[in-house]
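Trainee: Given chain H's structure and the hints, the job is docking chain Y onto it.
Line order of the protein sequences matches chains H and Y.
Per our numbering, residue 1 is the first one in the first sequence, and the count goes up by one each step.
Per our numbering, residue 1 is the first one in the second sequence, and the count goes up by one each step.
Careful, some of the hints might be misleading.
Unchecked claim - List time: in silico DSBU-like cross-link candidates among lysine-lysine, alpha-carbon distance up to 30 Å:
hint	chain 1	residue 1	chain 2	residue 2
1	H	Lys152	Y	Lys211
2	H	Lys165	Y	Lys42
3	Y	Lys198	H	Lys165
4	Y	Lys42	Y	Lys75
What the hints assert, rightly or not - What follows is a list of derived Cβ distance ranges for each label pair:
hint	chain 1	residue 1	chain 2	residue 2	range
5	Y	Ala179	H	Lys84	51 to 57 Å
6	Y	Ala179	H	Cys231	37 to 43 Å
7	H	Tyr167	Y	Gly60	41 to 47 Å
8	H	Thr234	Y	Arg141	22 to 28 Å
9	Y	Arg141	H	Thr34	54 to 60 Å
10	Y	Lys129	H	Gln236	27 to 33 Å
As the list claims (entries may be wrong) - Residues from chain Y that keep clear of chain H, each with C-beta distances beyond 10 Å, as calculated:
hint	residue
11	Asp46
12	Leu63
13	Lys86
14	Gln233
Think of the hints as simulated: they come from the structure by calculation, not from any bench.
Please read all numbers here as calculations on a predicted model, not as lab measurements.
Using N, Cα and C, we set each Cβ at its ideal position, and we do this for glycine too.
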Amino acid sequence: MQFSYFHLMPWTEVTEAGQDWPVANHQFDPVKGTALYNTYLDHMAYAEECGFDWIGCNEHHFSPYGLMSNPNLIAASLIQRTKKIKIAVLGSLVPLLNPVRVAEEFAMLDVISGGRLIAGFMRGIPHEYVAYNIPPSESFGRMLEASELIRKAWSSPQPFGWEGKYYQFRAVSIWPRPVQQPGPRTLMSGSTPESARFAARNHAKLGIVRLTDLESVHQCIAAYKETAEECGWTPQPDDILIGQYTSIAETEAEAKKNLEGGIDYFLNVLNGGIRTAAQLVLQKTRYYPAEAKKAIERTSERVSVLKGMSIQERIDKGLVLCGTPDQVVEQIKQRHRDIGMGVINVVMKVGNVPNDAIRRGMTLFKNHVVEHVRGL
Amino acid sequence: MEFTEHEVRLLQGTVKYHKGGTGLPLLYFHSAGGVRITPPIKALLDKHTIYMPVVPGFDGTKLLNGIDTYQDLAKLFAEFADTVIKAQCDVLGHSFGGRLAIWFASLYPEKTRLLVLEAPSGFRPAGMKDVDPGNADAMLRAMYAHPEKLPPNQKPREMAVENRKMAEHYHKNRNMEEALVGQLPKLRAVTLILRGTKDGRVPDESVLFLKAKIPTSHLIYVYDAAHAIEVDQPERFLTLVGDFLARGQGFLVNAGTGEEPADAELA
Numbered sequence: 001m002q003f004s005y006f007h008l009m010p011w012t013e014v015t016e017a018g019q020d021w022p023v024a025n026h027q028f029d030p031v032k033g034t035a036l037y038n039t040y041l042d043h044m045a046y047a048e049e050c051g052f053d054w055i056g057c058n059e060h061h062f063s064p065y066g067l068m069s070n071p072n073l074i075a076a077s078l079i080q081r082t083k084k085i086k087i088a089v090l091g092s093l094v095p096l097l098n099p100v101r102v103a104e105e106f107a108m109l110d111v112i113s114g115g116r117l118i119a120g121f122m123r124g125i126p127h128e129y130v131a132y133n134i135p136p137s138e139s140f141g142r143m144l145e146a147s148e149l150i151r152k153a154w155s156s157p158q159p160f161g162w163e164g165k166y167y168q169f170r171a172v173s174i175w176p177r178p179v180q181q182p183g184p185r186t187l188m189s190g191s192t193p194e195s196a197r198f199a200a201r202n203h204a205k206l207g208i209v210r211l212t213d214l215e216s217v218h219q220c221i222a223a224y225k226e227t228a229e230e231c232g233w234t235p236q237p238d239d240i241l242i243g244q245y246t247s248i249a250e251t252e253a254e255a256k257k258n259l260e261g262g263i264d265y266f267l268n269v270l271n272g273g274i275r276t277a278a279q280l281v282l283q284k285t286r287y288y289p290a291e292a293k294k295a296i297e298r299t300s301e302r303v304s305v306l307k308g309m310s311i312q313e314r315i316d317k318g319l320v321l322c323g324t325p326d327q328v329v330e331q332i333k334q335r336h337r338d339i340g341m342g343v344i345n346v347v348m349k350v351g352n353v354p355n356d357a358i359r360r361g362m363t364l365f366k367n368h369v370v371e372h373v374r375g376l
Numbered sequence: 001m002e003f004t005e006h007e008v009r010l011l012q013g014t015v016k017y018h019k020g021g022t023g024l025p026l027l028y029f030h031s032a033g034g035v036r037i038t039p040p041i042k043a044l045l046d047k048h049t050i051y052m053p054v055v056p057g058f059d060g061t062k063l064l065n066g067i068d069t070y071q072d073l074a075k076l077f078a079e080f081a082d083t084v085i086k087a088q089c090d091v092l093g094h095s096f097g098g099r100l101a102i103w104f105a106s107l108y109p110e111k112t113r114l115l116v117l118e119a120p121s122g123f124r125p126a127g128m129k130d131v132d133p134g135n136a137d138a139m140l141r142a143m144y145a146h147p148e149k150l151p152p153n154q155k156p157r158e159m160a161v162e163n164r165k166m167a168e169h170y171h172k173n174r175n176m177e178e179a180l181v182g183q184l185p186k187l188r189a190v191t192l193i194l195r196g197t198k199d200g201r202v203p204d205e206s207v208l209f210l211k212a213k214i215p216t217s218h219l220i221y222v223y224d225a226a227h228a229i230e231v232d233q234p235e236r237f238l239t240l241v242g243d244f245l246a247r248g249q250g251f252l253v254n255a256g257t258g259e260e261p262a263d264a265e266l267a
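Excised from the complex, chain H in its bound form (with noise of 0.2 Å):
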């Protein structure tokens, strides 16, 4: 079993519930930004230390919710502050970016950290197509035709030209090239079945990270299985990633209070605007085709549910892990056996649970935890 440690690296300082998006940044202070920021990488590249295989980042826009609108420039302070831990940029909006400078940026990271990258293509949640003033509707066949770029120009040993629906160069050539051959492993989120099968066909690590319950769990896996199957590869325990809420505590009363109040402030403050924007873009585009709307309308029935979820629920829908370091090495064995995947994405920054919890939580995963999980 393998551990990814992931942040949002969230602005923890807003207290009103806005609705509104984009969300005004005056609410932001940059000196306690500053502080924030180096909290932040400071607890990743302790991850290494604590015995996580992964460290993880991804991109957001546009709102507290992530402080992290290019988690590339994120990895690079990473893999300066680390040795072997593995960067996982889960992910580069791929549809929102020019794919030429992904590349480059992604075989940067690859070769600066001598091959630790993990690729992350994400198609990004819907809002942000506003922010980066792309159609929703574009999102799939930007996606599908960036990752083929994007893969070309990693490996190419010429250079091309690409001409393409969305993408047009006429000269390519990175340098460096990845050192990784053909290229960095790459993961896609496959929280869908539909975009599980797209996962397999780009032949990309499968990541789920919003759980909801564990029948559509099992249900986008068989979907990234079978597809996989179709295109002539096996998917190994390691290409499949699930994410998990994490609260590690001397107690389990602390655990759950920490957790409880990181869960409630990230839906009902940080998630605000957000929700509004996935909203107006859901409803009002093609963000996902039709037969994939309906899995979304089904999801959003579960996502209410959730809100309503207490702590225990959570822990006992195998959605989170809580509790204290025994505690929480059963849950881990339990959801192995449930679901059988080999990395699980550890998320500890939960909206606003204090930063001096989470150090603790990660020593303690460190010094009773992780070995007794690591052969699972």
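Mentor: For chain Y alone, kept in the frame of chain H given last:
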């Protein structure tokens, strides 16, 4: 504008050809399927006089005595260029025609201004097999990403079969031809190499090899096209080839919208 059919008597015999358009001359060598006039080729007639000779033996024409190899064909069409075109011309070849275009442009560099190789055959690495021509479904997928775009009036099946035999007659084998490889460094024309991202006939290794060997060349992948790029992505083909024929190597540079004033100061 449309094409009209003509014949010309050359030393080895009579050659049939299609001609149309007005402007810079373009000599087009057809694929093993025979002559097919596609929408983007028609669109080029606005700015080019296009000459599309029928390779002897194709499309119901007769083989000519003493014309058995690509080198023979290149010599034949050099005479065609002198007799009919009477000027240096651009050369475009698709697949089988691409292989011929390389022979022509390397043996007669003074006759060739710019060279376009559209999914050229002849450079399959040893050991790499072509699609089984007996497997119709596999051949269709290899040839076309969008078979729904094929025009309705295709050649009769018997003619298509005969055309394939003619291709075999000339190239003898489908794999890498050492003599042809030896010609590549002799190409003087700036060369555009095109390959569809879904081409199931010409492997990627072939075009990468050509890019490495042809002195001044540019390789461009046409997204969502198989072997018949003109059919699958006519607009993308026209954009690339039209711009390349108009601007040569300058086609690498984004021409912009043309709205910026010519003397705008750079920051």
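Trainee: Taking the shortest Cβ-to-Cβ distance between lysine 86 of chain Y and chain H, state whether it exceeds 10 Å.
Mentor: Correct as stated: the minimum Cβ-Cβ distance to chain H is 33 Å, above 10 Å.
Trainee: Assuming the hint says 22 to 28 Å, is it satisfied by the Cβ distance from threonine 234 of chain H to arginine 141 of chain Y or not?
Mentor: Distance hint for threonine 234 of chain H, arginine 141 of chain Y holds at roughly 24 Å.
Trainee: Since aspartate 46 of chain Y was said not to touch the interface, does its Cβ keep a gap of more than 10 Å from each Cβ of chain H?
Mentor: Aspartate 46 of chain Y is indeed farther than 10 Å from all Cβ atoms of chain H, at 20 Å.
Trainee: In this structure, is the beta-carbon distance linking arginine 141 of chain Y and threonine 34 of chain H contained in 54 to 60 Å?
Mentor: Holds, at about 56 Å.
Trainee: With 51 to 57 Å as the target window, see if alanine 179 of chain Y and lysine 84 of chain H comply at their CB atoms.
Mentor: Since the Cβ atoms of alanine 179 of chain Y and lysine 84 of chain H sit about 53 Å apart, the hinted range of 51 to 57 Å holds.
Trainee: Starting from the range 37 to 43 Å, see whether the pair alanine 179 of chain Y and cysteine 231 of chain H falls in it by beta-carbon distance.
Mentor: holds (39 Å)
Trainee: For lysine 42 of chain Y and lysine 75 of chain Y, compute the direct alpha-carbon distance and say whether it is at most 30 Å.
Mentor: Answer holds: lysine 42 of chain Y to lysine 75 of chain Y is near 27 Å, not above 30 Å.
Trainee: Between lysine 152 of chain H and lysine 211 of chain Y, does the CA-CA distance stay at or below 30 Å?
Mentor: holds (15 Å)
Trainee: Once the closest CB in chain H is found, is it more than 10 Å from leucine 63 of chain Y?
Mentor: Holds, since 37 Å exceeds 10 Å.
Trainee: Has the given pair, lysine 198 of chain Y with lysine 165 of chain H, been kept, meaning a C-alpha gap of at most 30 Å?
Mentor: Holds, at about 14 Å.
Trainee: With the threshold set at 30 Å, check whether the alpha-carbon distance from lysine 165 of chain H to lysine 42 of chain Y stays at or below it.
Mentor: holds (22 Å)
Trainee: Go ahead and decide if the range 27 to 33 Å is satisfied by the Cβ distance of lysine 129 of chain Y to glutamine 236 of chain H.
Mentor: Cβ of lysine 129 of chain Y to Cβ of glutamine 236 of chain H: about 30 Å, so the range 27 to 33 Å holds.
Consistency with the previously given hints fails for number 14 only.
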